[in-house]
Structures are given as C-alpha cells and as structure tokens.
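Student: Sequence:
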Amino acid sequence: MANKLRELRNKKGLTLRTAVKELSEKTNLSISPDSLAKYERGVREPKLAVWQKLADFYNVSILYIQGISPYKSASDVRDNQKTNNKRLDIMRFFQEQLGSDTYENDADLQELENALFEEGRQLNTESMRYTNYDDLLAYSNLARILFSPAFLLTPTTNTMIKLKSSALKY
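Each residue of the sequence shown is one higher than the one before, counting from 21 in the working numbering.
Simulated from the structure, these hints should not be mistaken for laboratory data. For every residue, glycine included, the Cβ atom is placed at its ideal position computed from N, Cα and C. Among the hints, a few may not be true.
[To be verified] Derived Cβ-Cβ restraints for the label pairs, each shown as a range:
| id | residue 1 | residue 2 | range |
| --- | --- | --- | --- |
| 1 | Arg64 | Asp154 | 47 to 55 Å |
| 2 | Asn30 | Arg141 | 27 to 35 Å |
| 3 | Glu27 | Gln142 | 16 to 24 Å |
| 4 | Arg141 | Lys58 | 30 to 38 Å |
| 5 | Glu116 | Lys41 | 58 to 66 Å |
| 6 | Leu34 | Gly87 | 13 to 21 Å |
| 7 | Lys102 | Asn30 | 26 to 34 Å |
| 8 | Glu116 | Thr47 | 49 to 57 Å |
| 9 | Thr47 | Gly87 | 17 to 25 Å |
| 10 | Asp76 | Thr122 | 48 to 56 Å |
| 11 | Ala127 | Lys41 | 56 to 64 Å |
| 12 | Arg64 | Phe113 | 50 to 58 Å |
| 13 | Lys106 | Ser160 | 32 to 40 Å |
| 14 | Ala163 | Gln115 | 44 to 52 Å |
Turn these sequences into a full structure, and let the hints steer you where they fit.
Tutor: Now the structure itself:
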C-alpha cells in the first residue's frame with residue numbers, strides 16, 4: 021500500500037524543494053527535500069507528528085495520506101454514508117411501489133441493492149478506521165505530553181510520582 025505524498029504534492033504543483041519550503045513556512049516542519057522524497061517512495065517512515073503535519077499541509081487525514089483509506093477525511097465517509105442511506109431509502113420506496121414479489125424477482129434491482137449494502141459495509145468499516153485512528157492519535161498525543169521532560173519535572177508531577185511510589189510499597 022503506497023502513500024499518497026507524491027500524488028498530493030504533484031496536485032499542488034510543487035517540486036520537492038518548494039514543498040519543503042512551504043511545509044516549513046506553514047507547519048514549522050523542517051525536513052530536507054531528500055527526506056521528503058524518501059517518505060514519498062516509502063523508503064523511510066515518518067513519525068506520527070510528521071504524518072500529522074503533512075496531512076494538515078495537504079488538508080487530508082493521516083489515513084488518506086498513508087494510503088490506508090480512500091477517503092480524504094472522516095466527513096467524506098459520513099457524507100458518503102448519508103448518500104448511500106438515501107439510495108437505500110429510494111430502493112425501499114421502489115420495493116413498496118412494485119410489491120415485494122416483483123421487486124425480489126428483478127435481478128437488476130437485487131444486484132443494485134446488494135451493491136448498496138456492500139458499499140454501506142465498506143463505509144462502516146472506514147468509519148470505524150477513522151474512529152479508531154482518532155482514538156490512537158489522542159492516546160499518542162496524551163502519551164507524548166505525559167512523558168515529556170517538561171511534564172515529568174513539574175513539582176506537581178514529582179509529588180504524584182512520590183505518591184505513586186509510596187502507594188506501590190503497600
């Protein structure tokens with residue numbers, strides 16, 4: 021599964037050098053053109069924080085930029101789910117109008133309905149991916165904060181660490 025970095029950069033009409041310059045200006049991400057090229061080719065894997073800045077720069081989700089999801093954002097998934105649900109409502113209307121026997125004996129309608137159900141299953145899977153990834157991202161950000169040197173050196177935290185270590189004795 022290939023990431024979409026090069027594709028997104030090309031859509032913006034940027035060279036490696038101009039992309040790196042704009043990334044630095046707009047997201048404070050300081051990388052070399054060589055590093056970006058290696059990320060694009062999949063030779064190197066960026067850290068989560070770098071993926072996030074790249075996704076923000078291109079205005080897409082991390083899942084999309086990594087090539088995991090075909091949808092650029094969770095809202096794209098929700099929009100497609102709404103559209104799919106409207107199509108299924110229309111199918112139900114046809115079923116009511118035609119009668120269930122006629123409807124169930126029409127191979128084209130059955131094929132269309134099956135395709136809509138399959139699309140709905142895929143969209144639900146994508147929705148879960150985004151939900152799970154958002155949770156993972158939140159936990160990752162929380163862990164980064166909790167284990168940062170600045171957080172660990174605050175007086176409140178030292179007190180908490182002492183409390184926890186004394187609680188462990190019991």
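Student: Each hint needs a verdict: does it hold in this structure or not?
Tutor: Hints, one by one, checked against the model:
no. : hint                        : result
1   : Arg64 / Asp154: 47 to 55 Å  : violated (25 Å)
2   : Asn30 / Arg141: 27 to 35 Å  : holds (32 Å)
3   : Glu27 / Gln142: 16 to 24 Å  : holds (21 Å)
4   : Arg141 / Lys58: 30 to 38 Å  : holds (36 Å)
5   : Glu116 / Lys41: 58 to 66 Å  : holds (59 Å)
6   : Leu34 / Gly87: 13 to 21 Å   : holds (19 Å)
7   : Lys102 / Asn30: 26 to 34 Å  : holds (31 Å)
8   : Glu116 / Thr47: 49 to 57 Å  : holds (52 Å)
9   : Thr47 / Gly87: 17 to 25 Å   : holds (20 Å)
10  : Asp76 / Thr122: 48 to 56 Å  : holds (52 Å)
11  : Ala127 / Lys41: 56 to 64 Å  : holds (57 Å)
12  : Arg64 / Phe113: 50 to 58 Å  : holds (52 Å)
13  : Lys106 / Ser160: 32 to 40 Å : holds (36 Å)
14  : Ala163 / Gln115: 44 to 52 Å : holds (50 Å)
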